[in-house]
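In order, the protein sequence lines correspond to chains A and B.
Just remember that my numbering sits 38 ahead of the position in the first sequence, which is counted from 1.
Just remember that my numbering sits 855 ahead of the position in the second sequence, which is counted from 1.
Among the clues, some could well be false.
[To be verified] Covered stretches of chain B, as calculated for chain A (at least 3 residues, CB under 8 Å):
#1 1092-1101
#2 1221-1232
[As the list claims (entries may be wrong)] Computed list of lysine-lysine pairs in DSS-like fashion (alpha-carbon distance at most 30 Å, straight line):
#3 Lys1235/B x Lys1218/B
#4 Lys1080/B x Lys133/A
#5 Lys866/B x Lys1235/B
#6 Lys1235/B x Lys1219/B
#7 Lys978/B x Lys866/B
#8 Lys1074/B x Lys133/A
[To be verified] Sample of chain A residues at the chain B side, in silico, Cβ under 10 Å:
#9 Tyr89
#10 Val100
#11 Ser129
Since the hints were made in silico from the structure, they are not lab data.
Quick reminder that beta carbons are idealized off the backbone N, C-alpha and C, glycines included.
Chain residues, written in single-letter form:
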Amino acid sequence: MRGEHGIARSDGELPESFRDLEPFAHWALSAEVERMAARENSTFEELQVFYDAMMRRLPAIVEYLNQFPLDRMPEQAQRLLNMALSLNEVSIAVKRYRQPRVINGRERARFFPGQ
Amino acid sequence: MSVDVFKRWAKEHPEMGTAPVPVEPLVSPEYFELERERIFRRSWLCVGNVCEIPERGDYIVREVAICDAQLLIIRGNDGLVRGFHNVCSHRGNTLAWDAKGRCRGYMTCNFHSWAYDSAGQLKWVPDEANFFGLDKSQLGLTAIATEVFRGFIFINLAPEQTLAEYLEGVTERMKPEGFDQLRLQRMYRFEERSNWKVSMDAQNEGYHVFSQHRYLMPKLFITTKEGCMRSAEMTFFGRHSVSGSGIDPNYQPFPVEGLMFQIDKGPSRCRLPMQHGFEFHLIFPNFAMLFFRFPANDFCITHNFWPLAVDRTLWEIRFYAPAPLNAAELLSQDFMQTFNRVVFDEDATAHETVHAGLASRAKKHLILQDEEIAIRHFHKVLDEQMAIRNGA
């Protein structure tokens, strides 16, 4: 079955060339508050494993996603993009805090995104 | 690279002096009430950006609690941006109930359906013949002085001068470059237990970076050998101040950051008028514009410190950047915005802990060092502005 970009559709959550990242598909979170919550509710080891897996593939991920207009991204590609946004979210915890939570930060519930 | 100079700004601005700054205005309820009348009711206050109301009929509603005002900022059919009190002329009902919308012809009051056009003119009154000498032309929405500077919308409840006059030398300093590219990308609103000046003071210096942001930004800015920040510029434009800082050329971004800098490979669309890698512009009384030089496109963060009570503030943070054209740009922008959100998260705690300390009245003065001179300048200006209107 061919999708609109001539790319073979799969039944997986992610595009075929990124099936190796399927174990991390739960990081495909579209809202910032969801990504913040996922970071804070993960163990450091879980963050580190996700970070390493995504960093290895990031240049390929970006090259792949760049072919789609942002407002008309196919579902599987959108999930991959949301995972890359999650990478942004966890990278600071992994590389700077070496723990899931911001050190000396405010509670997440008080620092919420506005409209 | 390190810069070991000391007391540079005191030498450049001897009129500022070096004395400790009194704490009392930061915690006094009486002073707060005087600020309401003498400062906030007469200053130009930034309430948004034209990118929020791009089309004819678009409007936003903004609350300015310190002035007990709710404002309707609307782009008319003629394309002009106008500001009004969001209050129906009939019996004072709130006209627009949503924060943002589009007027497709008329703004209609829910109470008795009085209808106004997008220029604030009263166009229709149901059962008009049952009124007494009703003159619709005199009953439009109450206008408020509204002006736009570099795309940012300012209002003033009792203007003493135009916005350009009010901004003094900032108008010349901030050339009209790049601002038309900016779009509001995200916003945070944070209600905190602090006086608006305590929150603003905390943002208005770089001395805290080496300590409070030791995890995030240990070697980002140019510092002394000891690691303490040294600004490259401190200029005062009347009531306003501009500080500039250089980015350390040896800065090593961490991997995601570095990668994000590289992947955003499009041609630059937005160059803001900057002389340094980072600039902090304080527009008196309570608005800060932060400019960031970034490899692909510059971006802007603004802070509003809205007073709610002597010990409560609504800190509103807005991120402006060009609309991303592809995933690379989106991810790169998202990284910078997420990173800065965490920086502000680290800052936020101090707003409340400092206020708690000052409210105890244990200390009578703030002791300021040379890199904190912009704080000194602000408090001096505030003092002067309050005194000018004493008895007015």
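Taking the hints in turn, this is what the structure says about them:
1. 1092-1101: n = 0 at 8 Å, threshold three: violated.
2. 1221-1232: violated (count 0)
3. Lys1235/B x Lys1218/B: With a Cα-Cα distance of about 19 Å, the restraint between Lys1235/B and Lys1218/B holds, given a limit of 30 Å.
4. Lys1080/B x Lys133/A: 24 Å, holds
5. Lys866/B x Lys1235/B: 17 Å, holds
6. Lys1235/B x Lys1219/B: Holds, at roughly 16 Å.
7. Lys978/B x Lys866/B: 61 Å, violated
8. Lys1074/B x Lys133/A: 14 Å, holds
9. Tyr89: Check passed: Cβ of Tyr89/A comes within 8 Å of chain B, closer than 10 Å.
10. Val100: At 5 Å from the nearest chain B Cβ, Val100/A passes the 10 Å test, so the hint holds.
11. Ser129: 4 Å, holds
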